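Student: Since the structure of chain A is provided, determine the placement of chain B on it from the hints.
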Amino acid sequence: MATAIKDGTKVWQRRERGAQFATWAVYLVGVAIFVYCWDLISERTIWAFALDAPAQAADLAARMVPPDWNSIHGLWRPIWDTLNIATLGTVMAIVVALPIAYCAAQNTTPSTAFVRPLALFLIVSSRSINSLIWALMLVTIIGPGVLAGILSIGLRSIGFCAKLLYEAIEEIDESQVEAVRATGASGAQVTAYGIVPQVLPAFAGISVFRWDINIRESTVLGLVGAGGIGLPLNSAITTLAWTQVSLILLVIIATVVVSEWVSAKVRHAII
Amino acid sequence: MLRIKGLSKRYRTGDLALKGIDLDVPDGQVMALIGPSGAGKSTVIRCINRLVEPTSGTVMLNDVEITTLGRGDLRRARQRMGMIFQEYALVERLSVMENVLSGRLGTVGFWRSFFRRFPQSDIDEAFRLLARVGLDHMADKRADELSGGQRQRVGICRALIQNPDLLLVDEPTASLDPKTSRQIMRLIKELCAERKLSAIINIHDVMLAQMFAERIVGLQLGAIVYDGPPDGLTAEALTTIYGEEDWSATIRKVDDETDHENIAAPELPSRHRLAGLT
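If you're matching them up, the sequences are chains A and B in order. If you're matching positions, the first sequence starts at 1 in our numbering and goes up one per residue. If you're matching positions, the second sequence starts at 1001 in our numbering and goes up one per residue.
Pulled out of the complex, with its shape left as it was, chain B reads as follows:
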């Protein structure tokens, strides 16, 4: 259970990015955070694992107050939160395996990690995860040899090998084509369901958010202006989040796609759906 209370962030430039946000994410919930550019979506996520230091407010993950942790405790808390990035943020010159194993850095001493002597249990888990996302044959490839979709799946493995309680996902599909975007979002959703993980997913694409999240939170200028189910995103709701625009096409398309998704999904055995991922 993630509990955010009165979270605000003022950057050194004086910009008030977050204006006292209250947000509870129960265990196992996949939540999408939508909003225009500059609304503070990335800041919310980065304040949770303190890649950005919040100015005020509290963040509690399973009753651990994160905002006041010292350095060592913060590292342990970060272990409990997996993060997935917009441009994958893999270490390009390291192999796929090294990138996945870097998710275990918090549990391994410096010299063991320096000589890549990870425990066999971590290596087993890495192979298992890579097989799960269909990349086990790529373990020794360098990360920069992979395609966008493959890289993002390595990024997902890196987050999951931490065995986290919460996934922080920052624009996972922003640099992917529409088909790969859907595959990645479906994968994240399936993995969250398998592991009963909760997730906060920053996403630009309203349709994708509606297709794959069970709850949508709309952020505008650092404040929450919508919090509800995906089908509650009416034209009025979208207008309060993003501003005046003709939303009819967006909403109708969403209905079409979700229908299509609902019909198509049960027909295909899961093996076939995964085949597109490899």
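So here's chain A without its partners, still in its complex pose:
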């Protein structure tokens, strides 16, 4: 394609002349858009505010230290709620995601015409709504509290878990499944012996990964009233109690670090 004969020798270039110019044109348009947007943003920025940002940040930081360690006794309960929201939400998501993934995977779905599109729709709708938005809606439906948090984390995670799981199911080695089927095994036995062992490592990895994400997501759910560490964070910010805010942020960081460590350990042990 990009081979041409010049002076009797075959020369090769990655693209032909026209394609090369087109590539450059695309880059040029990209740069032009970037410059235009830069101009637009700087025009609408109040530079007086932006320029004293370092001073503002330093001021806020100064008001945040030292963290108000005395208020830590009031945080044990909310952080425990946060962990529960994340864990129970993940468990709920996994339980619901398993059958959905089974129905969504091309090689295990009972019917490609009806069940598979339905499963895929459930996955997309769960994934397209952020857990904070789920929480907003659920707080109005079932009232504020931990249950709303668990449900919103769970509903958001179903799509994530089901999608990764059905992709794992579609990637299995079919010959192993065929071999089990050839022994005269029933459908359920083919699943238990041919498919489950192949998907198990992916399943464990996905669950722990999602639990890890959910701990971070559940820290903000309290902002809309769905329980957990976000509740005291919200009230501390609205009352301008910056030393409490900094303590809460420290607690969140510690929790996330611990959860990352746990999930890394678990993943390592299972896979």
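Mixed in with the good hints, there may be bad ones.
Claimed, not checked - Using 35 Å as the maximum straight-line C-alpha spacing, the simulated DSBU-like pairs for lysine-lysine come out as follows:
| id | chain 1 | residue 1 | chain 2 | residue 2 |
| --- | --- | --- | --- | --- |
| 1 | B | K1179 | A | K163 |
| 2 | B | K1019 | B | K1189 |
| 3 | B | K1189 | B | K1141 |
| 4 | B | K1179 | B | K1196 |
| 5 | A | K265 | B | K1141 |
| 6 | B | K1141 | B | K1196 |
To be verified - Some but not every residue of chain A turned toward chain B, in silico, with C-beta under 10 Å:
| id | residue |
| --- | --- |
| 7 | E16 |
| 8 | Q20 |
| 9 | V177 |
| 10 | E178 |
| 11 | A182 |
| 12 | S186 |
| 13 | G187 |
| 14 | A188 |
| 15 | A192 |
| 16 | Y193 |
| 17 | G194 |
| 18 | P201 |
Quick caveat, the hints were computed from the structure, so don't treat them as lab data. Quantities reported herein were computed from a predicted structural model and do not represent experimental measurements. The C-beta atom is built at its ideal place from N, Cα and C for all residues, glycine as well.
Tutor: Relative to chain A, chain B alone:
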């Protein structure tokens, strides 16, 4: 006795893989199915146990018409046919023992199989078979820790624990080195003789086919073009199966090897021949 009549298969893509095959395999016969890639060898085998549904024709195993069986009866019929695969097709993350016992799935209920509560008689048989192929000390190893030859022997145990009437063998040596290939083929042949099993062996390697099978069937473009004894595979016969090529080297080598095999085999006690397998 396996009796295939007018077996054809047209894939959904429109390819006619088999064009009305007639084939009888008497009890205890080890038959090799040779032919170029895409000739339909795998399709023949998979149509027999209906991993691939035949388009038309009949398959009778011991007077049971397999092509019309319902789901439950098909599962029972599959129990009567052991299958051995090209890339072993062991469930990699299960242990050797679990893989062998999976050959008994058709006889065990779901929950018993799920909790691995197989009858002691099945476990005895599994240990006996593993000992027979020299792998009894490997029972608790995971299948993916084994070498190619060892995996294929586990695959053979899985097929044999079904206590089948017929072995369907799909390219058993395609991913093995020449020495292991010969050991595996010899093992299959010996086990068939011990149990008076008939076998259909798909194989690429003409020499191996001639060394270990008592009957050769040549398949080309979905039709049988050769059916006869191994020494009937002349240059002309190979040309009709595979197409024009210089076959002199293949045929001469075969003669050398079979001679060598015939001389060597009686000299070695069977214990020594098996020693290479462990």
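Student: So, as I understand it, the hint says E178 of chain A touches chain B; can you test that by seeing if any CB pair is closer than 10 Å?
Tutor: It holds, given that the least Cβ distance between E178 of chain A and chain B is near 6 Å, below 10 Å.
Student: Interface hint check: A192 of chain A, Cβ to nearest Cβ on chain B, cutoff 10 Å. Holds or violated?
Tutor: holds, 5 Å
Student: Between the alpha carbons of K1179 of chain B and K163 of chain A, is the straight-line distance 35 Å or under?
Tutor: violated, 45 Å
Student: For a C-alpha distance cap of 35 Å, please report whether K1141 of chain B and K1196 of chain B respect it.
Tutor: holds, 31 Å
Student: Per the CB criterion, is S186 of chain A less than 10 Å away from chain B?
Tutor: holds, 6 Å
Student: Hey, K1189 of chain B versus K1141 of chain B, does the alpha-carbon distance stay inside 35 Å?
Tutor: Between K1189 of chain B and K1141 of chain B the Cα gap is close to 26 Å, so the pair holds against 35 Å.
Student: Have a go at the V177 of chain A hint: is there a Cβ in chain B nearer than 10 Å to its own Cβ?
Tutor: Holds. Min distance 9 Å.
Student: Mind checking the CB of Y193 of chain A against every CB in chain B and telling me if the closest is under 10 Å?
Tutor: holds, 5 Å
Student: Return the status of the interface hint for Q20 of chain A: holds when the least beta-carbon distance to chain B is below 10 Å, violated otherwise.
Tutor: Violated: closest Cβ of chain B sits about 39 Å from Q20 of chain A, beyond 10 Å.
Student: Using Cβ atoms only, decide whether A182 of chain A comes closer than 10 Å to chain B, and label the hint accordingly.
Tutor: holds, 4 Å
Student: Checking hints one by one. Is G194 of chain A an interface residue toward chain B, by the C-beta closer than 10 Å rule?
Tutor: holds, 6 Å
Student: Tell me if the straight-line CA distance from K1179 of chain B to K1196 of chain B falls inside 35 Å.
Tutor: The given pair, whose Cα atoms are some 25 Å apart, holds under the 35 Å limit.
In summary, the numbered hints that this structure violates are 1, 7, 8.
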